[in-house]
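Participant: Sequence:
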Amino acid sequence: MYNTHDPQVLPIRDGVKPSCVVLPNVGDGTCLDFLVQRLPAVSRESWLERMARGEVVDELARPVQPHTPLLKGLRIYYYREVEAEPHIPFEAEVLYQDAHIVVADKPHFLPVTPGGKYLQNTLLVRLKNQLGLPDLSPVHRIDRDTAGLVLFAARREDRGAYQALFRERTVHKAYEAIAPWNPAITFPREHASRMVESNNFIRMQEVAGTPNSFTQMELLEHNQHWARYRLLPISGKRHQLRVHMAALGLGLKGDGLYPVVDDAPEGDFSRPLMLLAQSLAFCDPVTGLQHQFRSRRTLGPLPRHEAVHKPVLNYRND
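If you count the sequence shown from 1, position 155 lands on 155 in full-length UniProt numbering, and the numbers rise without skipping.
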């Protein structure tokens, strides 16, 4: 559970702020019992060790002990720890930095924020340590599998203004992708559909109903099997570009989730997702500057002799 409350009760440790959990308004027992039940990935023995080190405290900076009663509604802060965190051997590049924003060019495979088994090997934590900016915060997200541009707010007081750019769709975003070539599908086109979470929480799906996701698509080049596309998302649903292309039978090269789950094993970096967050353009709401950024990364040339082996499926689930 990554915390966004910026507490001062525990200091930042190795670029990571403490996480927070709120005690329930009902129930009896101890804080220890609740933490073991609420966060089963952490053993009782581990909680006891952390408490002994003074690394579990409440919102008043009082140490939480094994016998501390369950005080209803109280916030508990602790350091998130990851055992045997996988190493990501690729580095991001900072393309721009001023007093208000940072623009990073992210490699494939690197998560933007801590979650699951990734903590230090995330773009946010690496940049905090590299730049010495404890309040750095991403104002939008791209998938771990996607490479390219990510915009960060450097100061807490500026976050809302930059987040509003994406909420109000005043940022011009462009992506590049490599996917199969099908001469029967005409471009340019706009794909509109209703996207919702699927029964598999990792994946999204299209269903019948009023569209809530929109992508403009352009064809840039193609050969016998593959094509390069320019994708312009109008909305920002999770996995939107991947789902929209798969719905056309054009699942992105290297995609381990769409149209079928075929993810590479941990540590296998041989099949990067051919999706690049290529450009960002917006008027800075704090400084008034007109910004236009472009990734220095590329997806490389189209495959020349590699046929498409994945099944061509209609991903729509009406």
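It is possible that part of the hints are untrue.
Said to hold, decoys possible - Ranges between beta-carbon positions, derived for each pair:
hint : residue 1 : residue 2 : range
1    : 44        : 185       : 30 to 40 Å
2    : 268       : 296       : 36 to 46 Å
3    : 70        : 132       : 35 to 45 Å
4    : 262       : 235       : 45 to 55 Å
5    : 98        : 200       : 22 to 32 Å
6    : 262       : 167       : 32 to 42 Å
7    : 59        : 207       : 33 to 43 Å
8    : 9         : 220       : 29 to 39 Å
9    : 199       : 286       : 39 to 49 Å
10   : 91        : 70        : 42 to 52 Å
The hints are simulated quantities; they were obtained by calculation from the structure and are not laboratory data.
Just so it is clear, CB atoms sit at the ideal spot from N, CA and C, and this is done for glycine as well.
Participant: So, against the hints stated earlier in the document, which numbers end up violated here?
Facilitator: Checked against the structure, the hints that fail are numbers 1, 2, 4, 5, 8, while the rest are satisfied.
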